[in-house]
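Based on the provided sequences and hints, a complete structural model is requested.
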Amino acid sequence: MKNVIIRADSSSRIGVGHIMRCLTLAHKLVQANYNVSFLCKEHKGNINQEIITQGFNVICLSPPNKLADKIDDTRWLGVTQDKDAVECINKLEYMEYELLIVDHYSLDKIWHLQLSPYAHKLIVIDDLANRQYHCDALIDPTISRQKSDYYNLVPKHCQLLLGKSYMLLREEFSLAREQAIKKRQNTIKPSHVLITLGGTDPDNITQTLLAWLIEIEKVLTELSITVVISEQSRYKESIEALIKGHDWINLSIKPKSMAALMILADIAIGTSGGTAWERCCLGIPTINIISAQNQQVNSVALNQVNAIINLGWYESITKTMLADAILLLINSPKNYQALVKNSLLCCDGKGAKLAAKRIIRLGNTHEN
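According to this note's numbering, the sequence shown is numbered sequentially starting from 193.
Just so you know, these hints were derived from the structure itself, not from any lab. Take the hints with a grain of salt, since some may be wrong.
Claimed, not checked - Distance condition first, Cα-Cα at most 20 Å in a straight line; then the derived EDC-like pairs of lysine to aspartate or glutamate:
#1 K410 to E429
#2 K339 to D300
#3 K275 to D300
#4 K428 to D395
#5 K446 to D395
#6 K511 to E407
#7 K220 to D540
#8 K374 to E363
#9 K542 to E363
What the hints assert, rightly or not - Derived Cβ-Cβ restraints for the label pairs, each shown as a range:
#10 N257 to M193: 17 to 25 Å
#11 P255 to R553: 33 to 41 Å
#12 G437 to K549: 48 to 56 Å
#13 Q496 to K339: 16 to 24 Å
#14 T557 to Q241: 51 to 59 Å
#15 V278 to N396: 32 to 40 Å
#16 I281 to W440: 53 to 61 Å
#17 Q241 to M193: 37 to 45 Å
#18 S340 to S449: 22 to 30 Å
#19 Y343 to M193: 35 to 43 Å
#20 E429 to S336: 33 to 41 Å
#21 K339 to V497: 33 to 41 Å
#22 E429 to T557: 48 to 56 Å
#23 N227 to I445: 28 to 36 Å
In this text, all values refer to a predicted model and were calculated from it rather than measured experimentally. We treat Cβ as the ideally placed atom computed from N, Cα and C, and that holds for glycine.
This is the structure we're talking about:
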């Protein structure tokens, strides 16, 4: 059995998206008889236990002494790349592994060059195209991504697996797609809103939106809301206090099936991180909010194909903007169905299977 190491992190600031998409890929590799382990820092608010719960080994790296709450993605490590690389090499000293998969915005060519001699092939998962990489393959599922975006950023031998065909979605979404399409086609008057703003929502945008929706409840008649937050949310108690007594708002913490919640919903309010593709796969019209710099490209791309209503950066959104967007979808079947159609075209939910197939093929080659 061949071994695979995945280097990725999660925290209250980083979020959980990198781990979640790596878990999706890991399950596909296990189906192909690979043994997969994760190499993760023990940042505050990590979901390393979830990796273990899903059946994978976690090799823990030392957490930094302190990771600032407000920090850009180039400093998510909390240490230098050299220091992280040395610790990773030491942790993996007695382990043989065929593939090393890296999904981390803070790691680039500096780190890749130090680890690549220890793996048969090194694969990067990224969606920024903003730094130098040293890898044998690079997966970037951004729908607008072109090979030219990586010109002079990757070595000549690197295989570029780009675009919507490589979106790493859990199988539950592809399995639910047909049911979701039928539901959307029969939706006449949208009435159920799903709010999901990522695994951690460090800026507590969720609570701001809920406060506004409560204030304008009379305008949004016959509306019900499901709010999804994670176990890592620091704002669980304040959100529970806010919605107490408002029976039309339901709080869901770590739901068993996100796909099931999305099928039930008629409209979503969310960011353009990893869950954006889950919503596209199930054709749910989305009011989009940008909460991090790395969401900019996806927001622009989805907006250009009319797959979302993009409200822009969360700091600039107003209560009126939110209400107008919801009312547009409720009162205009034409606009609603256009978003359904266009979002479905962005993602079919089969990307993880294709990505795993390409990785396995790469792993079976032995050219340098």
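Status of each hint after checking the structure:
A distance of roughly 25 Å separates the Cα atoms of K410 and E429; the hinted pair therefore is violated under the 20 Å criterion. Of the pairs offered as hints, the one joining K339 and D300 holds, with about 18 Å between alpha carbons and a cut-off of 20 Å not exceeded. Between K275 and D300, the direct Cα distance comes to roughly 13 Å. Compliance with the 20 Å bound is thereby established for this hinted pair. Restraint check for K428 and D395: satisfied, since their Cα atoms lie roughly 13 Å apart, inside the 20 Å limit.
Only pairs whose Cα atoms come within 20 Å are accepted, and K446 paired with D395 is accepted, the gap being roughly 19 Å. With a CA separation close to 9 Å, the supplied pair K511 and E407 stays within the 20 Å bound. Proximity of K220 to D540 is assessed by CA-CA distance (about 17 Å); at most 20 Å being required, the pair is judged to hold. The straight-line distance between the Cα atoms of K374 and E363 is roughly 19 Å, inside the 20 Å bound, and the hint therefore holds.
For the hint linking K542 to E363, the alpha-carbon distance of about 8 Å falls within 20 Å, and the restraint holds. A hinted range of 17 to 25 Å for the beta carbons of N257 and M193 is inconsistent with their spacing of about 38 Å. Our hint of 33 to 41 Å for P255 and R553 holds, since their Cβ atoms are close to 36 Å apart. Taking 48 to 56 Å as the suggested C-beta distance range, the pair G437 and K549 conforms, at roughly 51 Å.
For Q496 and K339, the hinted distance range of 16 to 24 Å is satisfied, since their beta carbons lie about 19 Å from each other. As the Cβ distance of T557 to Q241 is approximately 35 Å, the hint placing it in 51 to 59 Å is violated. For the pair V278 and N396, the supplied restraint of 32 to 40 Å holds, since their beta-carbon distance comes to about 37 Å. As the Cβ distance of I281 to W440 is approximately 54 Å, the hint placing it in 53 to 61 Å holds.
Between Q241 and M193 the beta carbons are some 24 Å apart, a value that contradicts the proposed interval 37 to 45 Å. Range check, S340 to S449: about 39 Å between beta-carbon atoms, so the 22 to 30 Å window is missed. Between Y343 and M193 the beta carbon distance is about 37 Å. The supplied range of 35 to 43 Å therefore holds. Checked against the given bound of 33 to 41 Å, the beta carbons of E429 and S336, roughly 40 Å apart, stay inside it.
A beta carbon spacing of about 20 Å between K339 and V497 contradicts the range 33 to 41 Å that was offered as a hint. Range check, E429 to T557: Cβ separation about 53 Å, and the 48 to 56 Å hint holds. At roughly 32 Å, the beta-carbon separation of N227 and I445 lies within the given 28 to 36 Å, and the hint holds.
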